[in-house]
Amino acid sequence: MQPALELKRVRKTFGTTVAVEGMDLVVPRGALYGVIGPNGAGKTTCIRMIMSILFPDSGELSVLGRRSALEAKDRIGYLPEERGVYRKMKVGAFLIYMAQLKGLSAEDAASRAPKLLQEIGLPDVEGKRCEDLSKGMLQRVQFLGAIIHQPDLLILDEPFSGQDPVSVRILREQILREHRRGATVLLSTHVMAHAEEMCQHVVMIHQGRKVLDEAMSGLRRQFDPQTVYFEPLEANANPSGLSNVAGVARVESVDGTYRITLVPGTDPAIVMARLAAAVAPARVELARLRLEDVFVRIVADGPHGDAVTRALRASVTASSEGALA
Amino acid sequence: MKQSMRRIGLVAGREFLAAVMNKGFVIGLLIMPAIIAILVVVFPRLLNRNVPAVRGEVAVIDMTGQVAGGLRAALTPEAIAARRRDSAARALQNAPGVVRDAATNTPAMERAIGTPPQLTIVERPASTDLQREKQWLTETVAADGLRHLAVIVVQPDAVQAAPGSTKYGSYELFIPQNIDARLETELYDAIRESLVSARIQAHNLNRQEVEAVMNVRRAASVTVAVGGERQTNLAFNQALPFVFAGLLVFGIMIGGQTLLTQTVEEKSNRVIEVLLSAVSPIELMAGKILGQMAVSMLVLALYIGIGLFALMSFAMIGLLDPILILYLVLFFLISYLLFAAVFSAVGAAVNEMREAQSLMTPVMLMLMAPWMFATVIGREPNSTFSVALSFIPPVNTFAMMIRLGSATPPPTWQVLATMLVGLAAACVVTWFAAKVFKVGLLMHGKAPNMATLIRWARAA
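From first to last, the protein sequence lines are chains A and B. For the first sequence, my numbering begins at 1 and goes up steadily by one. For the second sequence, my numbering begins at 326 and goes up steadily by one.
Hints in this document: simulated from the structure, not taken from any laboratory. Don't take every hint at face value.
As the list claims (entries may be wrong) - Distance windows between CB atoms, simulated:
1. B:Arg331 x A:Glu285: 56 to 62 Å
2. A:Thr13 x B:Ala626: 17 to 23 Å
3. A:Gly218 x B:His769: 58 to 64 Å
4. A:Glu285 x B:Arg679: 57 to 63 Å
5. A:Pro123 x B:Arg331: 26 to 32 Å
6. B:Ala626 x A:Gln2: 51 to 57 Å
Computed from a predicted model, the values in this text were never measured in an experiment. Glycine included, each C-beta is placed from N, C-alpha and C at the ideal position.
Bound conformation, chain A alone:
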């Protein structure tokens, strides 16, 4: 079967600015892909090209087996980053209108809208005007507008931006549900933590180029964690026992827990067993790999200077902290 989405050497410029360059991407059917990268990396431009709202300068594109999203509009659900509603329109009428534009009959649309609103936690808003809803509520309504016709491909550009934690959780559940239903999902976010929690596969874009295209499972393997957290069973245990273990490069104490950095190339599983043998543990844990670490590492390996890396780390960390707060 043809992939849900395929981009080949896609390039897009705006004037003298190169927004996207040499973009290759294959999203198989039924996958849940995350496109990550800092603000201005080219994520939205990529998505707009996939949606045929913008057209690439060169390269090829196929969406659900068609040469353009225009030919498969009714099977795609799209939540743009710049999303709005008709402010004076009633919520129910807006959803029905969107569904009808996507090919649903008026009856089907009218029967689905209240059910979906119920499921997403907005049971009483159907008859309200859009302008009377809070921003978070509106975002959920807009999300429903993208899925009401049960699309085969769901494209979400920054679906979590400006959402409170409760809304984020509700939306995440709904996205996963669409994925379980069989929809291929492609979502973009500049908050790496979101992608990390949900996606099977991540694509990183930096300065218009793809810098990573990996399954989350493979990613963990490829970027071997080098840090182990160790909490001794007894508070007055001797930490020198830890630093003498073979394969340990450094031991730092943080609030009674030890942060242990391994010698590059060692198998963390073996070292963790040795650590547990050396000092009785309350907890031995491999530090979870964070996408932003991977990202920063990739960017640092590239032809950019330290300053760029530092700035990037700052921006990525700040935004993920903002989202988790």
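Keeping the supplied structure of chain A fixed, place chain B upon it in accordance with the hints.
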């Protein structure tokens, strides 16, 4: 294709409902008839109600000694009221029978006549110093509240021509500042009346005979057409072209303005990209234009309906050639398409209404241009100028509509040619506008100028 038509229909339906289902629309719809009602019913009442009768003194220096008496009689309140009643009846001569019958001898008529002024005639000897009399006019109002309203000087040869001449002398009229225009007219009428009387008397003529000789009743003309005869009504014929041109402009403004504001709003509140995931820009534009067209047609149908009802209730329906309404609809569709395409392109190009103003100025001028030419075309509907304008878009449809409404309608081939030229222009403009619309929708930032728009159209 079928899908595309369905989506256009959906967009049009939403646009129509969004425009019609709000209070503003209903208010806007009623405001025109309301203004007319106010002008016709309320305004005259305000105007003539409680106007205190003018009271004052008129000085007469009668060099002939034969006029003052007549003048005194002609300026009595009764005589003035009688003259006012006469002139009102004359004004109604052109009105349809129903109106005339309804208006004569009613309270409304009495109100129109109003309270005649109470004038006191003060005769001065022929030897009076004119300068002093003029001074008298400027003096402040006397204690008894009588204003000094006029000084009339009847020249010595005003009743009998000077020996050796066939020309009569006349009179001089001096008035103070701030005198009521109606009073001035009434003074003229009264002086004329009394002078004519005095002259007739001086020549020993019979006044009634003279008046009978002079009186020729003006008959309403009958227009003979292939289909039959109908009563001509000059006022109606003169007004018709303007009414048609007005309806055309009005219809375009209703749809066009909403189209512009709606598109700007969709763009500024970012609903546009959501829409574009479901419909193509061209489908969106087509749907919007059609939806607003339906709104305009609804409004036009309503106003035409009111107009026809009014004509029918005044038994004047025969004055209107029904084919004109068909032409009005056709010309409306052509002009609307052209202007609507421009309105939607401007809406898509700008970020907010304020930026639309500079781009809209030339469009509004074009829409208003027919008004500047309307009188010229209406007066000479078949002049070279009028014919030429009928083939120059976008004023061609307006020019043709004015000509069609006039007393001498243009030949059919010209009407068809106007339609074809209009349609061709509408297609070209729509093609250009669609390109601007497509590019403009997702452009945010600096407000574009005309050059930018042309570049967009080239790039699209």
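Structure-based check of each hint:
About 57 Å separates the C-beta atoms of Arg331 of chain B and Glu285 of chain A, a value consistent with the hinted range of 56 to 62 Å. Remark: the range hint 17 to 23 Å for Thr13 of chain A to Ala626 of chain B is contradicted by a beta-carbon distance near 51 Å. For the hinted restraint 58 to 64 Å between Gly218 of chain A and His769 of chain B, the CB-CB distance of approximately 39 Å leaves it violated. At about 59 Å, the CB distance of Glu285 of chain A to Arg679 of chain B agrees with the hint of 57 to 63 Å.
Distance hint check for Pro123 of chain A and Arg331 of chain B: the Cβ-Cβ separation is about 31 Å, which falls inside the suggested range of 26 to 32 Å. Taking 51 to 57 Å as the suggested C-beta distance range, the pair Ala626 of chain B and Gln2 of chain A conforms, at roughly 52 Å.
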